[in-house]
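A.B. asks: Chains as they are written, first to last, in our numbering: chain A, 1 to 350; chain B, 1 to 238; chain C, 1 to 116; chain D, 1 to 570.
Hints were generated in silico from the structure; no laboratory data involved. It should be emphasised that the depicted structure is a prediction, and the values quoted were computed from it without experimental measurement. The C-beta atom is built at its ideal place from N, Cα and C for all residues, glycine as well. Treat the hints with care, as some may be off.
Residues from chain D that face chain C, not an exhaustive set, calculated with beta carbons under 8 Å [unchecked claim]:
1. VAL226
2. HIS258
3. PHE262
4. SER264
5. VAL268
6. GLY320
7. GLN321
8. GLY322
9. TYR324
10. SER357
Straight-line C-alpha distance at most 16 Å; calculated EDC-like pairs for lysine to aspartate or glutamate [to be verified]:
11. LYS282(A) - GLU149(B)
12. LYS427(D) - ASP24(D)
13. LYS549(D) - GLU54(A)
14. LYS295(D) - GLU68(A)
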Amino acid sequence: MFIANIPLLPERGCEQAAQVDYLFYFISAVTGAGTALVFVLLAFMCSRYRKQREGEQTPRILGSHKLEIFWSAVPLVLFLVMFAWGVVVFDQGFDVPSEAPEIFVVGKQWMWKIQHPNGVREINEMHLLINQPVKVTLISEDVIHCYGIPAFRDKIDVLPNRYVTTWYQPNKAGKYQLYCDQLCGVGHSQMIGWIHVMEKDDYDLWYNGKRPKIDDGPTDGSLAWEGRKLFLKLQCASCHSAKGRAPILEGLYGSTVPLRGGGTVKVNDGYIRESILLPMAKVHEGWAPIMPTFANQLADKSLDLTQEEALIRLIAYIKTLGPGQTPTRTDKFPAPIGAETDPSKLGEKK
Amino acid sequence: MSTDSTSVLAHHYDTMEQQQGSARLGMWLFLVTEVLFFGGIFVAYTAYRIWYPEAFLAASAKLNVLIAGINSLLLLTSSLTITFAIHASHEGKQADLRRWLLVTIALAIAFLGFKSREYYNDYREHLIPGKMFYSVPEGEKHTPAQEFEEKGVNPHHVQLFFMFYYCMTGLHVLHMIVGIGLIAWLYILAKRNYFHHPDRYVYVEVTSLYWHFVDMMWFFLVALLYVAGSRQHFEWHL
Amino acid sequence: MLLAHGSISNGICKRGIMNEHSNAAPSKASYLLIYLVIASLIFLAISVSFMGLGQSAVFLNLLIAGTQASLLVYFFMHLKTADKLTWLIVGAGLFWIFILFVLLLTDYVTRQIAAY
Amino acid sequence: MSTMSALHTHGGHAAPLAGAAPSDNYLTDGYTWKSWLLTVDHKRIGLLYLVSVTAFFMIGMAAAGLIRYNLVTPSGMLTPDQYNKVFTAHGIVMVFLFLVPVVPGVLGNFLIPITIGARDLAFPRLNLLSWYLYMAGAFCACWALLSGGVDTGWTLYPPYSTRSQTNVAPVAIGIFIAGFSSILTGLNIVVTVHRMRAPGMTWFRLPLFVWAMYATSLIMLLATPVLAVTVVLLAVERIAQVGIFDPALGGDPLLFQHMFWFYSHPAVYIMILPGMGIISEVITCFSRKNIFGYKAIAWSSVGIAVVGFLVWGHHMFVAGQGYYSALVFSLLSMFVAVPSAIKVFNWTATLYKGSISFQAPMLYALGFIALFTIGGVTGLFLSTLGTDRHLHDTYFVIAHFHFTMVGGMVMAYFAGIHFWWPKITGKMYSDFWSRIAAILMCVGFFMTFIPQFVLGYLGMPRRYHAYPPEFAVLNVLSSAGSTVLGLGYLFPFTYLIHSLFYGKPAGDNPWGATGLEWRTTSPPPTQNFHHTLVSTEMPYEYSLPNAPKPTFSYATASGEPVKEEKANVH
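Full structure from sequences and hints, please.
C.D. replies: Structure representation (structure tokens):
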């Protein structure tokens, strides 16, 4: 009765999990057969060729080239099949569907902060809509963490200063465990949480209860909208506008831009983040390297945002910027209270 | 087997060739471990150089190539003199042996003298990763960080270069000091007439292998640290 | 010789396999010649840094340093007259450095192209 | 040459122990502290290692016990901080102070000169220096681990290790110093094997233990320096905070992982290869057969040593390394599994048509093959990209490497110690208790680590102080198994010490083994042999009619060599 409660396989929350399981079964079958063969042979030899009497004469067998080749080649072929199959399964983790909405996850000692594109913020819980593929972009605020969900058979180290991405398409409603798998200090084993995969109705109910309050201006309360607030507060549009001193950011995301000093770079989350924190690292060809760094100036206590959280909002906003959408500084969009309004002082350390 | 030869032969060897061969083989193997030791730091350097080529180039131009050149010559010359020392000991010329060992030590100490001078200059120019990098050196207007920022390179990456500069040259200096110690020990042995038996020349030879290796590593340090940058003009100062 | 099958009749009394280090060492004059070649390479290396080659200077400089190192190993460290085992050791050192560099830098060169 | 290995005096090198009684041996050659602590005799240094690695094994076991004690309940019995420090201590002590030096230090030191017919290692004083460096590094590390501790795990990953407030620096220094000990031991062994072999002892007459130790030494020489420079960089980073591995300042934490695993992956072969060497010796002796496929086993050792350097990136599949690196490392990892498979098949084939007896060394060796096979094949799950993504950093990994390191290496070490104990001490231990211990260890081991495979596939992460309650049953099972395993380890400690005082004299060749070490007295004289030896035949000629016969019988408890054997030796 006690034993019957022991689970032997973790739950499956998505198709990817089944793919990993099939590969696991294959390797188990092959290695199980190999191990069984060795064990049976050992047992057979040990019983059949037990010493019968002292001074027994044994045949002088030195080896066999044919056998050596046989038992090198056969395992090698099987191992290579495992490798190839493993690559196929592994690759699925890279094929993010382009239409998948992006969820940001910020890890810190010792919690997971999950940020939905619609503006919902969660801690140590991630609510997902069934059958909806989502792209998950992760970053750490301090040391290396690891975002592991056994039910999705997925795991990814979360590094400081760098975005990593994975994606899931859950296909079974349920509540699945989330772990931090990389030692990150005293609270390592407390850095756990839950993934809730919900049917459409349940999800909507949950989401409507969580929808952020809309205070000022026309807004949908989304992550991008919060990014827009920051964009205005930080005066980004002073330079990044049609007549500005810096490249316009409309439609920039996903494009490839030429770099000063040769080379190109694809504009993705990582590049935008780097350009805000280290503007000199990869300068757009044709523009002077005049942008000051915004490192250590993004955290906003009044909005309860850390630097990483502010960055993902800015990125979410820049991603959505279409032609003609760059805000101009008019009375309609006044600089928020407390913002620096003199462009020459922008980016200075306070 | 002469009595003379058995007295220099350790108890667990059969022949002098075996003993000498073991000493040589041991040193060669040790040098392979040294290659991997320096290789580890070289590969770290290379990884960051691939990522931050501009910063490394700009930082390299700040190093004193004149001192590096003089030091290269000093070290190369010491490699030559220790080779002469092997010949002297192999031919049983003990006075020559002592003289060449002394010359080698003198050249090595001169190298360290120039190197200290260079470190001192770096210190005065605040080319040291950390807080000093962000403070204004005496007689200057800008901090090193500002200076590099004006050139359009990230001061963090420049500091990484300087970290490698200190680690690599520091390890090299450490190897030099060990080498000087070994050669000084040979000199003391020579004074005590240890090398009266020419077969013992192998210890001079084995030490010279180590010394040449230290020399060799220096050439790679020059290539990666000192002359890797583009210099606009000659700044000959010590 | 490495991995030689020692036969009983031949060299039975010799323990281990001796290296073939030759005592016919090169003369002082030939050392001086090598010394001058390496010294002139030092001048070449320093002048390269004034040629304005930018990022490609390092390849030329590594080539020069490699030449200097090879001359040192071959002549000053007597690899020229050393036995095969010593050559094998030098080769092993180079091979392992090659492994370290190639496999580690594979990551640094390709991580931008594809990684999580 | 149809006769047995000829033994004869030779030229001017005859018996240096002129006038010494036959009972004189390396153990009786001086009784002062100085005669032990300043000895340059490789056998005595081997015993110095034996005592010290046993002490560190005890410390590591105590830490392991605390780990399993903590995991008895889902909420943990220790505090999280204590737990982090305990498993770090377990890892560092077991890896750097036990597994790496154990066989090279103890059996390598004792046996390599004797098995190749030399009077000592090539550099006896360097050998003593190795032991002192090892002790210095060990004390440095142990002091740091016991006074305050380190909470980073033995892998010391930055940026956590550069921010941790615990004693990371002294541990790094300890590892650095112990690393040099390892380098010097490796260097000594390689030079010895090249230069000190007895006349006629060609490469393909070397015992497979020597081949394995040679391959191990190559790894020690080529991998350890990279670890040394890595911990130097880590120490610099901790002191100066300049961003070598700190991404906030432009560094890359993955660079540390690359450099660390460049050493630490080959290091697992430093740990397992000597064990494989021991098994080749024991299996042949107790099945009275020539080894099956001598050259295949010898070259697979070298193959493992080389290919083992090409696969370190499989520790970093989900760590954020480039996709193409992951592909290359996964592919290469498949190749390193082949030489290990070759060895297992060859050992199994060696038993074919043998005359197998089951004394303790053989039981340990069979246990090794069984456990190592499981440990080896489970590695395939981790080198396959698709499955590693799920299994990485879970208990599956813990179970896998304990099967190879503990089930494999520690069993092999015990096989070796039991096999050569009569040679080292001249005494025979209890037959009954040694067999019981071998069986107990196997049972305890299975109980401890099989549940961990299941836990791992269920997703339980490693280094968790507390865990969800549904994992409780398997964890309790594992902790229960670990007490059986721990009890098993206490047995040899007891009966081996007992045998020192009360054991029957074992005789020179109790197992009837081939190999030069069995042709000298037990314990051997300080100079190892009374005469210079000449090797004239392949090792493991157990099937020839004139092969040595076992001389020790537990029934009569007599270790006196039979007449003709005695005549041959003296």
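A.B. asks: Once the shortest beta carbon distance from VAL268(D) to chain C is found, is it less than 8 Å?
C.D. replies: 17 Å, violated
A.B. asks: Hinted pair, alpha-carbon criterion (16 Å max): LYS549(D), GLU54(A). Please report holds or violated.
C.D. replies: 9 Å, holds
A.B. asks: Assess, step by step, whether the Cα of LYS427(D) is no farther than 16 Å from the Cα of ASP24(D), and give holds or violated.
C.D. replies: 15 Å, holds
A.B. asks: Have a go at the PHE262(D) hint: is there a Cβ in chain C nearer than 8 Å to its own Cβ?
C.D. replies: Since chain C brings a Cβ to about 6 Å from PHE262(D), closer than 8 Å, the hint holds.
A.B. asks: Should the interface hint for GLY322(D) be scored as holding, given a Cβ-Cβ cut-off of 8 Å against chain C?
C.D. replies: Where the cut-off is 8 Å and the nearest Cβ of chain C is about 4 Å from GLY322(D), the hint holds.
A.B. asks: Just to be careful: measuring from the Cβ of SER264(D) to every Cβ in chain C, is the smallest value less than 8 Å?
C.D. replies: Where the cut-off is 8 Å and the nearest Cβ of chain C is about 14 Å from SER264(D), the hint is violated.
A.B. asks: Taken at face value, is the distance from the CA of GLU149(B) to the CA of LYS282(A) at most 16 Å?
C.D. replies: It holds: about 13 Å lies between the C-alpha atoms, which stays within 16 Å.
A.B. asks: VAL226(D) was flagged as interface toward chain C. Is the shortest Cβ-Cβ separation under 8 Å?
C.D. replies: It holds, given that the least Cβ distance between VAL226(D) and chain C is near 7 Å, below 8 Å.
A.B. asks: Any CB of chain C closer than 8 Å to the CB of HIS258(D)?
C.D. replies: At about 5 Å, which falls below the 8 Å cut-off, the nearest Cβ of chain C leaves the hint on HIS258(D) intact, so it holds.
A.B. asks: Against chain C, with CB atoms and a cut of 8 Å, does the hint on SER357(D) hold up?
C.D. replies: 33 Å, violated
A.B. asks: Does GLU68(A) sit within 16 Å of LYS295(D), going by the straight-line distance between their CA atoms?
C.D. replies: Within the cut-off at roughly 10 Å; holds.
A.B. asks: Given TYR324(D) as an interface hint, is its Cβ closer than 8 Å to any Cβ of chain C?
C.D. replies: Status holds, d = 4 Å.
Figure legend: structure checked against the earlier numbered hints; hints not met, in rising order: 4, 5 and 10.
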